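Work out the full structure: start from the sequences and follow the hints.
Heads up, the sequence shown is in the working numbering, so the first residue is 310 and it goes up one at a time.
For the record, the hints were derived by calculation from the structure and aren't laboratory data.
There may be inaccurate statements among the hints.
Said to hold, decoys possible - Within a straight-line C-alpha distance of at most 30 Å, the following computed DSSO-like cross-link-like pairs (lysine-lysine) qualify:
1. Lys356 with Lys343
2. Lys342 with Lys315
3. Lys373 with Lys342
4. Lys373 with Lys352
5. Lys353 with Lys343
To be verified - Label-pair restraints from in silico Cβ distances:
6. Leu396 with Pro358: 46 to 56 Å
7. Lys346 with Ile398: 37 to 47 Å
8. Phe371 with Met394: 13 to 23 Å
9. Glu367 with Val317: 44 to 54 Å
10. Leu400 with Ile332: 21 to 31 Å
11. Arg377 with Leu327: 34 to 44 Å
12. Ile388 with Ile344: 38 to 48 Å
13. Leu320 with Gly355: 49 to 59 Å
14. Ile324 with Pro361: 29 to 39 Å
15. Leu320 with Leu384: 14 to 24 Å
These numbers were taken from a predicted model, which means no experiment stands behind them.
Where a beta carbon is used, it is the ideal one built from N, C-alpha and C, also for glycine.
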Amino acid sequence: MPISEKKVIVLALTITMLIIVGILVSLIYYTEKKIEKWCAEIKKEGKSPYAPLWLIEENAHFTKSIVRLLLIVVLLLVILSWFIMVLEIMLW
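Here it is, written out as structure tokens:
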């Protein structure tokens, strides 16, 4: 396989990876904003039919932490798979 074809394949994989990472980051951002909005609505009402306010705030913080942790894990997996694919193409 000529070098130019390898470069094109690596470029296509890189662009695909960047698109996937962008989608994941925007999804996480949307989820965090949704959680913050939900907490703000409950605080504005001053009470919650679901649970005490302090518990809701703790759960929201915990949920945001879990979402961020999942983002980091998925991003690492995407980067690792990209790296493996690029190595495989270059060594092919």
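A quick look at each hint next to the structure:
1. Restraint check: the Cα-Cα separation between Lys356 and Lys343 comes to about 19 Å, which is no more than 30 Å; the hinted pair holds.
2. As the CA atoms of Lys342 and Lys315 are separated by approximately 41 Å, the hinted pair breaks the 30 Å bound.
3. Taken as a hint, the Lys373 and Lys342 pair is honoured in the structure, with Cα atoms around 10 Å apart against an allowance of 30 Å.
4. About 18 Å separates the Cα atoms of Lys373 and Lys352, which keeps this hinted pair within 30 Å; it holds.
5. Restraint check for Lys353 and Lys343: satisfied, since their Cα atoms lie roughly 15 Å apart, inside the 30 Å limit.
6. Between Leu396 and Pro358 the beta carbons are some 54 Å apart, a value that agrees with the proposed interval 46 to 56 Å.
7. Separation of Lys346 from Ile398 is about 44 Å and conforms to the stated range, judged on CB atoms against 37 to 47 Å.
8. At about 35 Å, the CB distance of Phe371 to Met394 disagrees with the hint of 13 to 23 Å.
9. For the pair Glu367 and Val317, the beta carbons lie near 50 Å from each other, so the given range of 44 to 54 Å is met.
10. In this structure the hint that Leu400 and Ile332 lie 21 to 31 Å apart at CB holds, the actual value being about 29 Å.
11. A C-beta distance of roughly 20 Å is found between Arg377 and Leu327, which places it outside the suggested range of 34 to 44 Å.
12. The hinted window of 38 to 48 Å between Ile388 and Ile344 is violated, with their beta carbons roughly 26 Å apart.
13. Distance hint check: the CB atoms of Leu320 and Gly355 are about 55 Å apart, consistent with the given range 49 to 59 Å.
14. For the pair Ile324 and Pro361, the beta carbons lie near 48 Å from each other, so the given range of 29 to 39 Å is not met.
15. Between Leu320 and Leu384 the C-beta distance comes to about 20 Å, which sits within the given range of 14 to 24 Å.
Hint violations for this structure: numbers 2, 8, 11, 12, 14, all remaining hints satisfied.
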